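Engineer: Each chain, letter by letter, is given below.
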Amino acid sequence: MSPVPQLRSRLPRFAEAAVERARLTVVPRRRTRAPRVPFVTLVSTLLLTGVVGLLLFNTSMQQASFAATALEEQASNLSAREQTLEMELERLRDPQRVAEAARRQGLVIPSAPAFLDLETGEVSGNVAPATSEGDVNIAAPPPGRPAELDPDPIRLEPPRNTGREAGLGAPGNGEPRAGGQGNSPRDNERRR
Amino acid sequence: MSRQRRLGRLRGSPLFRLRIGFVLIAMVLSVFSVRLVQLQGIDPRSYARMAAEEGTVDVVLPATRGDILDRNSEPLADSVDGLMVVADPLMTAERAPEIATFLSKRLEVDYFDTLERLRVEGSRFQYLARQVPATLAKEVVDDADELGYEGISTRRDPVRAYPSRDVAANLVGFLGTPRKNGAARALAGLEDTFNGYLAGRDGEARYEVSAGNRIPLGDNTVTEAVDGEDLTTTIDRDLQWYAQRVLRQTVLGARADSGHAVIMDRRTGELLTVADYPTYDASEPYDAAEGLYKSAALTDVFEPGSVEKVLTLSSLIDAGKVTKRTRFRVPGSLERQNRTINDYWEHGLLNLTLAGIVAKSSNIGTVLAADEFGRGELRGYLTRFGLGQRTDIGVGGETKGLLPKGEMWTDQTEDRIAFGQGLSVNAVQMAAAVNTIANGGVRIDPSLVQGTAVTDDGTEVGTDHATRNRVISEDAARQTAQMMERVIDPEAGVAPGAAVPGYRVAGKTGTAQRVGPECRCYDGSFTVSFAGFAPADDPRFTIYVVVHNPRNGGGGGSVAGPAFSKLMSYTLRRYGVPPTGTRPSRLPVEW
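So the protein lines, in turn, are chains A and U. Each residue of the first sequence is one higher than the one before, counting from 0 in numbering that gives the first Met the number 0. Each residue of the second sequence is one higher than the one before, counting from 0 in numbering that gives the first Met the number 0.
Simulated from the structure, these hints should not be mistaken for lab results. Fair warning: this is a prediction, and the values are worked out from it, not measured in the lab. Treat the hints with care, as some may be off.
Where chain A lies over chain U, by a calculated footprint (3+ residues, C-beta under 8 Å) [unchecked claim]: (1) 239–245; (2) 497–511; (3) 556–570.
Quick list of simulated restraints, FRET-style, between CB atoms [claimed, not checked]: (4) A:Ser123 / U:Pro489: 17 to 25 Å; (5) U:Ala465 / A:Leu88: 31 to 39 Å; (6) U:Glu97 / A:Gln104: 45 to 53 Å.
Note that beta-carbon positions come from the ideal geometry of N, C-alpha and C, so glycine has one too.
Same shape as in the complex, but just chain A (with noise of 0.2 Å):
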């Protein structure tokens, strides 16, 4: 426990006293003992809380994230939603249905405007009431029929006038005739 090196104790000794009393020493270092408690309770607080802290944000992030994935599903899905209701309400407002509409309401398309001015109580133009008469018509025409089912007309030739076939048949009545009597190959063919 003595400070005092032990090599010091091998020199001679005479003058005991004086060489003990000149002998330099260390101070002994002066040891503050303060209490570790803490310290150690602060350094672990620090830790867990950041631990702790680090782990709670991630969480709420991920949980951000899930809300957003969420919320970007639900706007797409809300937008597409729009768009198909303003797709339908297009259609409705399509300028043929309205008309449509307003025909079966009675409503017509007047020949002529007329102007009443509200100030002065002026008319002018031309004022007659609104008929239907020379309304356009706003109906699609029926699609016509297909070729198929309206072939060109097949057309006889009528025989030439001889003679003899002249008397037999009445004047300018040639197509009977054409029937009956044109046994030529061609006429065969046409009728086929």
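With the hints as your guide, set chain U onto chain A.
Structural biologist: Structure of chain U alone, referenced to chain A:
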């Protein structure tokens, strides 16, 4: 004690043990370094890519295609999010009949066709329905999942809607079924000419996911999509609709082949209506013949006939050669270079003023008046009126028309061109020329696009680029308008059917011999037309109606005139233009 020593012997000296340890470590490290060189030195990219693919998602952020709008921002074409429903036959084949029943009920697809697709062997991708609105498609696929049908999924497939169907379809065009990657396929009209302008640029997002959710601090790059721009046209949708119905009735009523109707705002040159008949339904384009996918008013040429006389005569007045009261002796027929020029009605020697020549639409009178022109003068005027040049309003495939030049322009040609034969025009070109007279002699370029827009070939078009050029003097234009008023007069003129009650109307009929599509010669059919503007003393609108090959024997006054009257009356009311209240022109037609 002895056991320890034995162990010590086995382990060898510490030095020996250290060496063995080092050798082992060196071997392991060299293996590592070889692997490091392999990973980093030889092909680092493919490994990086493999690592990135694990859990990285690439998403295309689709750019929304711009709408095509009318002048009041009503959509003529708009885009809707859509999805395609696709099947993986490998997974669906087993329960195909059930799935087909389910889908045919919900998506209005054909049962047998769907059944076949669900069973295709050796395929893992089959279309079941294209361009389904997103809400419906998602609902159906969710329900299918719930019922336990596997192998049905959706992919992006934008829907282009044409809510007004055939209204302005000739101008707007349409998009065909999208390509497999969802890119648009523009097939006609403005959709085609302005494809790049409307389409925008798709964006891209790349992020890491885990269990379907984005990893918060993971890799995340987003290139935002650039949406396409809206194209606002000068078309008035309701007016366009009405014009198409009037035109249809006119063409069908006259048992004609086809027709055009153009309505133009006199002051700005904006085209409120460019109607064609026959046309097609842009929402069902494949039901129509392919030949109809065009704007015939711009792509088809015809000879204008007598409507062109107003250009000839107004030029004559501008050149100071005649006035509206100049007197002419008009014989019953005129021999010119071995060819006889006739009027459409038989007459003896008539004493007509210039106004009378317009009112009665006399070819002979016009030719006599046009004799005053020096060489090349008429052609110069007609060029300045815009004939023989494209209007370039933004519709593809427009024709220039035909204005003979050089050696083709002979005296005989000039006589015929003076009354509107031997040259050809498109309907918009001619409407713009007549509008020049309505606009006090200043020609305004017609436009179809409001503001400015860039076509795919880089041309900027639109009202911002419309130029104005004086063609004839204001006085010449006013005199011509007064003469054109006499055309509508029940006694002096030939087209009382074009009158709008209460308004002063100026107009001109046209009945031109028509070049038949088969023989490329005059085949005896006619093109009848009527061009005019109202109110005559302060014009607001110019309307041009053309009907090709009417078979009811009608002319410009009786076929196109009433259509003009209907359209003008509707337009004036729609835009709230009151009558001017002045007295109509009473110019003498005879002397």
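Engineer: Next step is simple, just say for each hint if it's right about the structure.
Structural biologist: Comparing the hints with the structure gives:
1. 239–245: holds (count 4)
2. 497–511: holds (count 4)
3. 556–570: It holds: at least three residues are needed, and the segment 556–570 of chain U offers 3 whose Cβ sits within less than 8 Å of chain A.
4. A:Ser123 / U:Pro489: 17 to 25 Å: 22 Å, holds
5. U:Ala465 / A:Leu88: 31 to 39 Å: 33 Å, holds
6. U:Glu97 / A:Gln104: 45 to 53 Å: Taking Cβ atoms as reference, Glu97 (chain U) and Gln104 (chain A) lie about 47 Å apart, which means the hint holds.
In terms of the numbered hints stated before, the structure departs from none.
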